[in-house]
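Residues per chain, in single letters:
4 protein chains.
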Amino acid sequence: MGLRTPQQYIESLKDGRSVYFRGEKVDDVTTHAVIKKAVHHACLDYEMAEDPKTRELSIVEEDGDVYSRYYKVPSSTEDLLKRSELIEAATAAGKTLVVLVKEIGTDALFGLLRISRQVDQKYESDYHKRVQAFYRHCRDNDLTLSVAQTDVKGDRSQGPQNQEHPDYYTRVVERRDDGIVVRGAKIHTSCTTNTNEIIVLPTRAMSEADRDYAVAFAVPVNSPGVKLVASPYGASAKSDYDAPLSAERKMMETITIFDDVFVPWERVFLCGEHDFAAPLALGFVEYHRFTAVSYKLPLVDALIGSALLMADLNGISRAAHVRDKVIWLISYAETLRALVEMAAIRGKADEHGIYAPDALTTNMAKWHFAHNYHEALQHVQDIAGGMLVTGPGVEDFANADTGDLLRKYLGGRAGIDGEVRTRAMNMVSDLTTGDFGGYHAVLAIHAEGSLEAEKLMISRAYDPRRTLQYAKELAGIA
Amino acid sequence: MGLRTPQQYIESLKDGRSVYFRGEKVDDVTTHAVIKKAVHHACLDYEMAEDPKTRELSIVEEDGDVYSRYYKVPSSTEDLLKRSELIEAATAAGKTLVVLVKEIGTDALFGLLRISRQVDQKYESDYHKRVQAFYRHCRDNDLTLSVAQTDVKGDRSQGPQNQEHPDYYTRVVERRDDGIVVRGAKIHTSCTTNTNEIIVLPTRAMSEADRDYAVAFAVPVNSPGVKLVASPYGASAKSDYDAPLSAERKMMETITIFDDVFVPWERVFLCGEHDFAAPLALGFVEYHRFTAVSYKLPLVDALIGSALLMADLNGISRAAHVRDKVIWLISYAETLRALVEMAAIRGKADEHGIYAPDALTTNMAKWHFAHNYHEALQHVQDIAGGMLVTGPGVEDFANADTGDLLRKYLGGRAGIDGEVRTRAMNMVSDLTTGDFGGYHAVLAIHAEGSLEAEKLMISRAYDPRRTLQYAKELAGIA
Amino acid sequence: MGLRTPQQYIESLKDGRSVYFRGEKVDDVTTHAVIKKAVHHACLDYEMAEDPKTRELSIVEEDGDVYSRYYKVPSSTEDLLKRSELIEAATAAGKTLVVLVKEIGTDALFGLLRISRQVDQKYESDYHKRVQAFYRHCRDNDLTLSVAQTDVKGDRSQGPQNQEHPDYYTRVVERRDDGIVVRGAKIHTSCTTNTNEIIVLPTRAMSEADRDYAVAFAVPVNSPGVKLVASPYGASAKSDYDAPLSAERKMMETITIFDDVFVPWERVFLCGEHDFAAPLALGFVEYHRFTAVSYKLPLVDALIGSALLMADLNGISRAAHVRDKVIWLISYAETLRALVEMAAIRGKADEHGIYAPDALTTNMAKWHFAHNYHEALQHVQDIAGGMLVTGPGVEDFANADTGDLLRKYLGGRAGIDGEVRTRAMNMVSDLTTGDFGGYHAVLAIHAEGSLEAEKLMISRAYDPRRTLQYAKELAGIA
Amino acid sequence: MGLRTPQQYIESLKDGRSVYFRGEKVDDVTTHAVIKKAVHHACLDYEMAEDPKTRELSIVEEDGDVYSRYYKVPSSTEDLLKRSELIEAATAAGKTLVVLVKEIGTDALFGLLRISRQVDQKYESDYHKRVQAFYRHCRDNDLTLSVAQTDVKGDRSQGPQNQEHPDYYTRVVERRDDGIVVRGAKIHTSCTTNTNEIIVLPTRAMSEADRDYAVAFAVPVNSPGVKLVASPYGASAKSDYDAPLSAERKMMETITIFDDVFVPWERVFLCGEHDFAAPLALGFVEYHRFTAVSYKLPLVDALIGSALLMADLNGISRAAHVRDKVIWLISYAETLRALVEMAAIRGKADEHGIYAPDALTTNMAKWHFAHNYHEALQHVQDIAGGMLVTGPGVEDFANADTGDLLRKYLGGRAGIDGEVRTRAMNMVSDLTTGDFGGYHAVLAIHAEGSLEAEKLMISRAYDPRRTLQYAKELAGIA
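Protein chains in written order, with the numbering used here: chain B, 2 to 479; chain R, 2 to 479; chain L, 2 to 479; chain F, 2 to 479.
Calculated directly from the structure, the hints in this document are not laboratory data. Some clues are possibly wrong.
Same chains, same label: a pair holds when it works inside one copy or across any pair of copies.
List time: in silico EDC-like cross-link candidates among lysine to aspartate or glutamate, alpha-carbon distance up to 16 Å [to be verified]:
1. K409 to D260
2. K473 to D418
3. K239 to E474
4. K239 to D325
5. K83 to D127
6. K409 to D276
7. K37 to D464
8. K26 to E396
9. K26 to D16
10. K38 to D156
11. K38 to E12
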């Protein structure tokens, strides 16, 4: 048991995994022009555990052992707050890009730890023991994990049945003595190119007829039959100058295909108990949306900071409309922050002492963030100015014909030269437009559940009895 | 020292005060057709202290003494939360109408207790001692208090200077050995017709030239020269059936005129120290907005409850658009609740241990409430239906020609007859339309500071350095 | 044939109609304390036809005959624009309250004229002839008309079937040689207390099984079995000072009960042709929403004017946030106006030359109005100030003790005394709060169809093929 | 006189102009890897004039002569509508990217034609004659034009004075017998790399002290001292598959530096008449915002089409929330379209018969578009799904290991395979995320004036007297 070094993590990725990028099989993800950025970004987790400034936040010492704090099963509000703080700190260090190589996986593990006990209780199965063993394996080896949950779904108005083919949701195609064989594909699986294990969870409620689809398990990324098709979105080369945030930072997304993959029984965590598909999906989501709202904090902070910075450089800090938009951004970001903290404060333990954040508050936080994100972009872009998409290249500052002219003419308020202002502009452009800005925007809406998913959970998590009763009393019809 | 009974409170109002209502001087406010409703409503505070179910929440026992919890100077988050809970409970009992006969006055006292020490420190004055004495007087006699802060202002784009006459802001017109004489008028002073004391505070920052306007003091309501012109808004007689909330509940608002009122020095809490006008105004507001967001909770709960109730009675609970609007209302109300709690949790003590809620969080809560209130009304009215303004009178149910027909035809989903549904509809109509609904709506925007005032405070309470610095680092120009 | 005088109109209402108000049968609606206001308001239509300033707009001269322009069957964009102009002018004269005693009825007649021909064509019936005869009767006798469309509906998630009783939608209970007998109740029927005829239309699509509910007809208001239960909402007495808009203006709303009412065949316009229930409902609505957006124009103008007026009196016209809110209001109102005009410009004739406004544009106009109305209220109330609900009574200005003080202290910018400002404030209060303001707000959402109804029509009226094809071409998958 | 061929246009660009791209001077813009896309895109204008399907719309025949319709000086609503139609058609053919090589220039010419007469009238100058001659030169030679208006501005809270250096606004540095010498820099000048002439206009009102800044003129792009620094934003190479809209379409934006450029008098259109700086700026903007709202129509249509297409492919067309968002998009787009048409219909001629669109309606249209654009993006991205940023590359469909799997697994509703769906997804991704999507979003807010500029014009164009008077009458204080 112990912490890995960044280098150990990198070495662990040279394991023969099947990764495809733009039609080519990738020999070594750690040296691939695009994926290596993601590897480098993921190293942040290991570096923070080594860095004296962040070590205390990044690790847990327990009974003489040391392990990554991400693996700490929360047993108090304090644990939830620390976890949130760590996720926020890592994302801030990652220039608004979440690291996510342990966050999402531990969210899934916490969900599995809670729900597997319930399955065992009803079905006299031994899932909890398996989950415990897998959890210890990951923690003790300081592994990185992906979670594959979102099935490709085909016709989204249908469940697993009534689809054009039966594999639109991942399913068990064979049950053997030593394990099961699964087939299907999951989409939007993050970091898979550079994690060690994939945890697979159902994506929705399943009926009796769907029991083959009620399956959860974990496999090493290099398992035979696991094919990762990496998305080239946002993969074009950029300079630090043009794209100060995203030039060297990347999270890979893959379509993760299970082309008849064998999973030994000790790695199977649900298999046919259809009535637990939904609880398991939600058990994960309960933690994962809390992770989500935690890692959004540096992003919304960056939006406020961008607005403040550009207003200052442009000399318009005191304009009434600018002040108004900045206040909107502050309120947007700080309401999110308050809700995140409150979700932890209102957290509750299950009967075995595992803490989860409050579902209503977490989902309100997520919906608040997601629902208002595009308006936030509007305000930041409004304050920054059109130069977000019309500025010169860094090379133009180096050219003798144009460099001094640009430094002069692109200046802002007194004391701000054109190059400084262009750098600031490029950061805001990277944050709010282009591939990286677009990635943030689409993730705002879709990652960790869509707007509609969050609304559904708000509806479910809210107990209507109190206010309904109050209304009846007020009406005199109680 | 001790708690007053409701009857003692009522008796105390027969003190010769000068109250005008629709051009007539009111002999006895406790028997006046309209004002007696406000007196009755205010009694809630005293009743709750007597009622075993609410006694513990309503009082504080300290060193063998007992006093109303409103007077508890907060020294912890717990105190703030309890105060908030008490205000919420009283307002809920008051059918969404805040009681406010002790809430606002103690907000002012807490502000005075904090700021007077700062004035004394700079000016070697003895205001704090006076405030302390006045505080003890009010607490020990279990008094009701109004706060008169909003000056009539004349041309709102001007301060006290440059107005058509010099009295648009309340000011000291004479300084005597035994006290001062003040002149001016305050507007929107709540409950003044039926409280014992008026605390007067400045409404804005004052410059050196405005020093006569930098004045704070307290006087009994029946002081010579104090004239209260009560607003007839919402005063028309209503039946419980038509207006189940407001028929018997009322908060009086007055224009409070100080027609050369003498104030003895021991009741003067600021007099000329212009640089403390703003701190004192804000010192009060800091508490008062927290009171405000606490007492808004039953109102937003009633909005959710109304939507749930009407959706149920109308048989449309499962309609997608109804679900959507209800979720919006839940998120609106519960985000407010989370921010209120968080404002208390983030509260801080000054160097003398007096706790205040967090200003940023409080103002975000207030702005969130106020900014979205009219949209909330839209959703509730949308779900309830046009019958909010087209329903029959209670007498039509009693009429043999029409009663059974209406009970039949105005029914809702199976099991709901027309009379029950009409009662529910009338409650929602009272809550969201008519004089009472309009009162709530205007207060949402204007009470305890306007939308712009809250935005200003958000801007001031937010420390921009962290996010600005983060943006610079991201841009590589730190 | 000819125009009636206001007095003739008034006399025509003394016809033994069964009107109930607060449980009492009303002897004479023209002298009833509340209803007479509605009668007086309705007289506007007749007065405008007599007034030289508005005569040309109000009447049509055709082949030597003269009749009210409301009855002009539109045959051109010009006709639609003139009709809109007349409705706007009458409503403006009515202090933002639509007159509606001919508007809605002619909307129904136009719809009937169009659809009856389609029914006849399919069913070889002779409805069109009957409608024509009824139309001429109304026009030539210059009658006032109500339209009863909205059934009481019971459980709104159900159609006529599956209700607790079969009468939740109006239906034919007997077919006789000389006519039919109908039973049911309609709600939100406007002006019925003081119109001559009621036109009854189906409120929704009907299936084969619902054929008894597919019925349209017209009856005189005093027909045996027609019982009108008038709503007391907004009926309390007010002074012109407190309520300058609504003190003398009223539109009555009734629950209109058809307690086995006989209708002779010549007054039956649909009876069992269930597949025409929806076309007829929509054929009416097509015109009626255009009427609606026309009569909303004075209301939105009044909101802008209120904001401009109060900003001026309060001395805040130049404040940035005020300017912003006024611009929002201008854009709100003028976008509505542009859409109304465009709905007429894009109007089209059917094969018989009857013009109808464009459905997509009309519904967008209505939705734009309705969807944003509450935000408009927020901005107006924000600019006006809290005195909307805290001002003094007119009697206080007359009282010697307080009159001069109030005139002084409630003043605004230089030159504006307190009485003028209070009058302005009361107008805005009447417009946006209280019974009248609440009536406007609820009507904004519910009258002439709810928000959801308008959205449905936008969806139906929009032909998706063009943009869908464009998207496919852009994607290269056309 | 006559129309140029695309090839003639291309040849005309090889004129020795000083264009810099990423620090390199561009030898030949027509062959430069990036700029040639913009040249190709601009050719659309010339191709449409040759294409029989679009020829009639694209040209004007007058007195035996033929010229591009862009140059038609509007003399009727019909002319404005045709111009709008042409701009819309060209942009639709340009895959939502406006062509703009004649649109903006003729907007400026129309403004100059109108305002120059006013200057002449006051100052007895001969500007109008010069503008006329220049107009004929451009029209008769079928030239392409850029307009440089937005000064770099430095500290945006300051005018030309009080800046760190005097050149933040373009100014006259020398007056000579034969012409003037100008210095300064304009930003966001579109298409300059591939147009023939640059028209320079002032960007704001100028005071007496700013008279050297009150300058307007036109110069050929290759004039000595004109330096164009082209923005590399959005210039990275893309495949048609990844970026079906923007792979081959580009509009170049430059910082246009006037490094002491000589302008002969016949090309000077304003020089020192500071009181006409604002009228000229607005005279241009009046036309240019109408151009803007015209060319936005294909963009908003593409957003509706994208939503419809993705809803269909994903099988969610009937989901209530999807229907709701589509209706929002329809209403957004069609309200824009109605306002554009209405701006033309309400157009008015000046005393010399030159028509201009209605300023209030045009600015409401622009603000409506801009203010809601980001919300439109949110809805489209919401419906499309996360695959906007996580899809595979085209090469993955060609790879034998993954091609069939992806075609299977990325399918949508029955009948839609994964490749078709990915193509559709990539189009929506190109439209709403990435460099092209970001470009559209920033232009929505900033091009042709910011949100605040449009609001200002709404405020100016609205005559407040009517509604203010109405409010006074309603209040009884008229």
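Copy assignment of K239 with E474, given that the CA separation must stay at most 16 Å: neither (63 Å within a copy, 19 Å between copies)
Tell me, please, which holds for K239 and D325 at an alpha-carbon limit of 16 Å: within, between, both or neither? For K239 and D325, neither the intra-copy (34 Å) nor the inter-copy (39 Å) Cα distance is at most 16 Å.
Please sort K37 with D464 into within, between, both or neither, judging by C-alpha distance up to 16 Å. neither (47 Å within a copy, 38 Å between copies)
Cα distance capped at 16 Å. Does K26 pair with E396 within a copy, between copies, both, or neither? Between copies only: 11 Å across, 35 Å inside.
Is the C-alpha distance from K38 to E12 at most 16 Å within one copy, between copies, in both cases, or in neither? Within one copy only: 15 Å inside a chain, 44 Å across chains, cut-off 16 Å.
Taking 16 Å as the upper bound on the Cα-Cα distance, should K83 and D127 be classified as within, between, both, or neither? Close neither inside one copy (31 Å) nor across copies (47 Å); limit 16 Å.
Given identical chains, is K26 near D16, meaning Cα to Cα at most 16 Å, within a copy, between copies, both, or neither? within (14 Å within a copy, 48 Å between copies)
Regarding K38 and D156, is the shortest C-alpha distance of 16 Å or less found within a copy, between copies, in both, or in neither? Intra 34 Å, inter 38 Å, cutoff 16 Å: neither.
Within, between, both or neither: how does the pair K409, D276 come out at a Cα-Cα threshold of 16 Å? Answer is neither; intra-copy 67 Å and inter-copy 28 Å both fail.
State whether the alpha carbon distance between K409 and D260 is at most 16 Å within one copy, between copies, both, or neither. between (59 Å within a copy, 12 Å between copies)
Please work out whether the CA atoms of K473 and D418 approach to 16 Å or closer within one copy, between two copies, in both situations, or in neither? Between. Shortest inter-copy distance 15 Å satisfies the 16 Å Cα cut-off; intra-copy 65 Å does not.
Consistency note: the structure conflicts with the earlier hints numbered 3, 4, 5, 6, 7, 10.
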